[in-house]
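J.: Sequence:
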Amino acid sequence: MARAVTIRKMSRIFRAVTTFTMLLLLCVGCARAVPLKPALSVSLDGANRIIEMGRSFDITLTITNTGAQETIVEEIRLPAGILKAFRYLGSLPAVTLEPLADGSGVLRTQLVIPPGGSAQFILRFASVYSGIYEEEFSVLTEDQRIPLPARVEVRGSIPAGWQPGAAAPRGQSEPAAGLPTSAVVRVGALVDVGGTLVKAWSASGVIISRDGLILTSARAVLGSRFYPVSDLIIGLQTAPNTLPVDAYLASIVQVDEARDAALIKPRSDLLGNLIAPGTLSLPALPLADNPSVAVGETLSLIGYGQNAEALSRVLPGAVLGLSPEDGSAPIETILMELPAGGDYFGWAALNSRGEVVGLASAPTTAGGLECGALADTNRDGIVDDTDHCLPAGGNLGALTSLQALDGMLTEGWMGELGLQRVSVLDLPFVVEGKSVFQADFSAGTPGWKSTEMPGTQSAYEDEALALTISEPRRLLFSTLDYAYDQLTISADARLNAGGGDGSFGLVCAFRDANHFIALEVSEDGYFSIWKRAGTETTYLIDWTYADAFDPSQSLRLTAQCGANGLKLAVNDRLLGGTIDPDFSVGLVGIIAGTYEGSLLKATFDNVEIFIPGDE
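The opening residue of the sequence shown carries number 2 in my numbering; numbering runs sequentially from there.
Treat each hint with caution, since some may be false.
[Claimed, not checked] Distance condition first, Cα-Cα at most 20 angstroms in a straight line; then the derived SDA-like pairs of lysine to any residue:
hint, residue 1, residue 2
1, LYS435, TYR485
2, LYS85, ASN49
3, LYS85, VAL107
4, LYS602, ARG495
[What the hints assert, rightly or not] Here are the in silico distance ranges between beta carbons for each label pair:
hint, residue 1, residue 2, range
5, SER585, GLU472, 22 to 32 angstroms
6, PRO241, GLU135, 49 to 59 angstroms
7, ASP381, ALA95, 46 to 56 angstroms
8, ASP247, ASN515, 37 to 47 angstroms
9, GLU338, ALA309, 22 to 32 angstroms
10, LEU312, THR197, 26 to 36 angstroms
11, ALA259, GLU143, 41 to 51 angstroms
12, GLU338, ASP386, 27 to 37 angstroms
13, PRO115, PRO455, 44 to 54 angstroms
14, ASP407, ASP583, 36 to 46 angstroms
15, GLN487, PRO284, 51 to 61 angstroms
16, ALA95, LEU321, 47 to 57 angstroms
17, ASP482, ALA534, 15 to 25 angstroms
18, THR97, ASP482, 54 to 64 angstroms
Hints listed in this document are in silico derivations from the structure and should not be mistaken for laboratory results. Virtual Cβ for every residue (Gly too), placed ideally from N, Cα, C.
Whenever a hint applies, use it, and build me the whole structure from the sequences.
T.: What follows is the structure in structure tokens.
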């Protein structure tokens, strides 16, 4: 009996052990069946920025697997608001965008990222409509969705969703009898100054379709870095020999920035009431069916001067030359002879039949400008005529032939939006010569001298030299006692904080805070080469938009300085160059500055100076 009891006890123990073992094995199996959750780090670079209307820009998506197991990125979602406001140009690596019913889009990737690995997607867009767009991108894996907020501001005069519509059929306009000044308009540019829209400048334009298609100057409707155009006002002449009366708000239809030509069209009255298509019936000038001209031919130029009280004028001018010189089609340029010192900003040229054959293009000189400074662009604390203004008007040297504008005119007539913007040189740049100085700031900042003023500070931080500005309209320099007739200086630069309109870069020919040459890039994506000589600030290369670099990323800045030329390169790409005939040798160094913004911090590292010669 005792033996039976013992056997039953052992049996129960055996069953318990067996059950426990099986449960343990099952638990181990479960643990093995549940993978470790992948850890992804995802960032968007270039998604928080200000863009000029018509410019292309990149958003870089970086995905890093910080976990211990591989992960698969299945989708990248592009928000509907972004795809509606911008033209999607493609991705690198190339993945077809699949549109979804809600207006968003998806890139299906099935991208495998191993532990510790990373991948990048570059998404390219073209900005069209003005406005502020706050949207959310997202990355999807098998078990998670990672949201990525973005904010893009587009400066310009095409409101979100506006479409110009096709113009009235070509050929309906008849040549005007007598002086066709009723078809000449004044185009006023509205610029935001301290939250208030101010008419900053005006240009001429001619109506070329009865429903209001207007041919004018690209510079007039695009503006500049300091004065981006927010809206356009069209002034019409209501009676002969009278000043134009503001009548409509207009938007851009087409732009050919290289040829300084634009097509605009009224979209509403001054109160914002939209104009129904086909309701306007305005006096219009015909376009020449055969816009060819001959040397010696007399053309009539029509337009307004920039003076607000100036009446429209008609000036005769002889054709002095053509490009191509033999007059073969298409004629690009018509050389003219007109009185010096006039403002021919957006003027049109008519042949003897009253037909438009050309448009005044960029002047050969920029004298006698009337623009009225609206901002303290030279940062001297005073807004006056020494500050920068839109380079408009000047002596007329050439006309852009209507033949050269044929493509733009055809597309504009069909109601297509199109903005062809000028880009920087973006050419390869190689530093040559022998290195005479190097500094990685690992041992502090010996030899660097700072020219500080209230609200500025230079300091050694994290093995780099940091320039910090906390007040508007300030400049801060840090220089070295190196001066050569010809040199190249390079430095790694990064924008750490900013107020939206600051700039930073390299300086040469430095004698003091009032005598130097600056080669800079800006927070909002421009570059410039300018100099200060006492109280005078001269832009050797005006602020030019450069989509060749992203100012939010670390940049390798290179400046070539000397009497033989001044050049600025970023990331081994040449942006632009010029010659300063008054160049004088001085110190070299780094520079940072603010305009209306009150904050900027830029750090510099790995500075190197080269001079001509072999190593």
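J.: Next, verify each hint and record whether it holds.
T.: Against the structure, the hints come out as follows:
no., hint, verdict
1, LYS435 with TYR485, "13 angstroms, holds"
2, LYS85 with ASN49, "18 angstroms, holds"
3, LYS85 with VAL107, "14 angstroms, holds"
4, LYS602 with ARG495, "9 angstroms, holds"
5, SER585 with GLU472: 22 to 32 angstroms, "30 angstroms, holds"
6, PRO241 with GLU135: 49 to 59 angstroms, "50 angstroms, holds"
7, ASP381 with ALA95: 46 to 56 angstroms, "50 angstroms, holds"
8, ASP247 with ASN515: 37 to 47 angstroms, "42 angstroms, holds"
9, GLU338 with ALA309: 22 to 32 angstroms, "28 angstroms, holds"
10, LEU312 with THR197: 26 to 36 angstroms, "28 angstroms, holds"
11, ALA259 with GLU143: 41 to 51 angstroms, "49 angstroms, holds"
12, GLU338 with ASP386: 27 to 37 angstroms, "30 angstroms, holds"
13, PRO115 with PRO455: 44 to 54 angstroms, "53 angstroms, holds"
14, ASP407 with ASP583: 36 to 46 angstroms, "43 angstroms, holds"
15, GLN487 with PRO284: 51 to 61 angstroms, "59 angstroms, holds"
16, ALA95 with LEU321: 47 to 57 angstroms, "50 angstroms, holds"
17, ASP482 with ALA534: 15 to 25 angstroms, "22 angstroms, holds"
18, THR97 with ASP482: 54 to 64 angstroms, "57 angstroms, holds"
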